[in-house]
Amino acid sequence: MNRVVVTGLGFISSIGNNRAAVLDSLRAGRGGIELMPELAAMNDRVKLAGTVKGFHFPTSDPLDWSFPENVQFSRTQLRTMIPNAVYSVAAMEEAISDAQLDPTLVSSPETGLYCASAGSAWLTHLAIESVLTRGPARTSAPTVVTGMPNSLHLNLTARFAIKGASVAFNSACASSSHALGSACDLIRLGRQKIMFVVGAEDCHPYNILPFASLRALSSQSDPALAPRPFDVSRDGFVITGGSAVLVLEDADHAAARGASIYAEVKGWGQASDGYDVVAPDPSGDGLARAMRNALQDAHLHVSEVDYINAHATATSAGDLAELNALKSVFKNNARPKVSSTKAFTGHGLSLAGALEAAISCLAIREGFMPASAKIELLDPACDGVSILTSRCDERPRVVMSNSSGFGGANVALIFAEP
Amino acid sequence: MAEMPMTEERKQEIAKSLKRCSDETLEAALRFEESRDLAELPAIILGVLARDAANPKPEGVAAATDDCRLMEDIGMDSFGMIEVVMTAEEVLGITVANQEMNEIRTLGQLKSFLRTKLAA
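Line by line, the protein sequences are chains A and B.
Be aware that the first sequence starts at 91, since it is given in the numbering used here, and climbs by one per residue.
Be aware that the second sequence starts at 36, since it is given in the numbering used here, and climbs by one per residue.
Only chain A is shown next, with the shape it has when bound in the complex:
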């Protein structure tokens, strides 16, 4: 099987709109959570979000949207755009530039794109409302595209003229980790040389509020207090949007063109809980099997994992299930350091896997392990797990990044220094 490496990263996130800004935030311990006034005004349950700075979507008319200066769209390109695709175009451009891919490598039969977002709940709502109230003949044609759940996929493949494999993944909060693992497999099998892996979500009340109905979101109004994964007083997650992009590449292909390498994708594993529609199996058995599958795939022993970027969203049930999974896999002398960077970024849903995979690659390249922030009192259930309550300036050689989605879908990705 071909080896797979990561040769480019791109970020539009609550903690920074490029790689340098994200790195700086992680090192400085600076989070991206803030009070979102329009969200707070709409309900009495949730007020905080991991907002994406510099992007504004005041109406559904894309010509009213505003972006940072370096993000450019023509009127025609904007017609079919949704907020999360806007973020992704910007993150794609950073990743392409970072990987030094010329246009012939971006648009090539040997280059594909796997992506994940839950669509734009906001624009889907408006599309349906328009056809029902104004009628199909009075509804603008592009709303069909902006209302589709795979709108991100349609927009990105057209914008970047993708000619290889392209699929939109949808497994809730495990989506972009499934996309990354599956993209890795395509390169391993020799079916593609380069794969873009894209995770993205809107950051809009319409994709946040439904989770408040599930009572899964923190009701805090102080960003210093939420989300608090692994803290005994954690009270739920805080949603974020944005986009993260990783360029996965055949290792020989990358070497032949002299590409700079962040990390090797050593392997991945997936497994399902088979337990409940939303609640995780309290034993963590599904996630534990995903982690064991990943270790087996990577031909690594548990003792070789230095750092785990946990899924830990700060729900009571989710964090406990993951702690049980970690304790069942990493025993005896195997004590990897563990943190949840969601305390800084918020929970990106379909974006989370790609964002945390990209953060894991930064950790390997830059030689540090980010903290699990905002912990005042560690949950006693963390006994036996080395939670990093502050940043650790050691280079992790092997990093595991976990994702778990509703429906009990679990993915573990393993990256290693090249």
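For the record, the hints were derived by calculation from the structure and aren't laboratory data.
The beta-carbon is built from N, C-alpha and C at its ideal position, and this holds for glycine as well.
Please note that the accuracy of each hint is not assured.
Label-pair restraints from in silico Cβ distances [to be verified]:
| no. | chain 1 | residue 1 | chain 2 | residue 2 | range |
| --- | --- | --- | --- | --- | --- |
| 1 | A | 221 | B | 132 | 15 to 21 Å |
| 2 | B | 100 | A | 281 | 49 to 55 Å |
| 3 | A | 165 | B | 155 | 30 to 36 Å |
| 4 | B | 112 | A | 373 | 52 to 58 Å |
| 5 | B | 151 | A | 224 | 23 to 29 Å |
Chain A is already provided as a structure; the job is to place chain B on it using the hints.
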């Protein structure tokens, strides 16, 4: 030959349909609403095409002649054409069938199609 004064609501509807068109386009449409004078039609059509052309030519839509092809010469695409037809329905008060839309290839055909529709 105005039949009845235009309501403020109708005025707003037309303005909304012609959002981001030039002032001249909106003025022509408002005059047409009152007078039904087909001489206003070319200004309305060119104004909407200018707004909705996906790949507008550098010389602009205003210079287009009746033999110009909507896609190849004026730079329309499929989404843009649907937008033009929807705007025509809203502003001119007509109904266009899918098949009728598919048969329109040039600016001249678009103008004469709309004239025939309005005369009917």
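Going through the hints against the structure:
1. Distance hint check: the CB atoms of residue 221 of chain A and residue 132 of chain B are about 18 Å apart, consistent with the given range 15 to 21 Å.
2. A hinted range of 49 to 55 Å for the beta carbons of residue 100 of chain B and residue 281 of chain A is consistent with their spacing of about 51 Å.
3. At roughly 34 Å, the beta carbons of residue 165 of chain A and residue 155 of chain B sit within the given window of 30 to 36 Å.
4. Checked against the given bound of 52 to 58 Å, the beta carbons of residue 112 of chain B and residue 373 of chain A, roughly 55 Å apart, stay inside it.
5. Residue 151 of chain B and residue 224 of chain A have their C-beta atoms about 26 Å apart, which keeps the hinted 23 to 29 Å range intact.
In the structure shown, no violation is registered for any of the earlier numbered hints.
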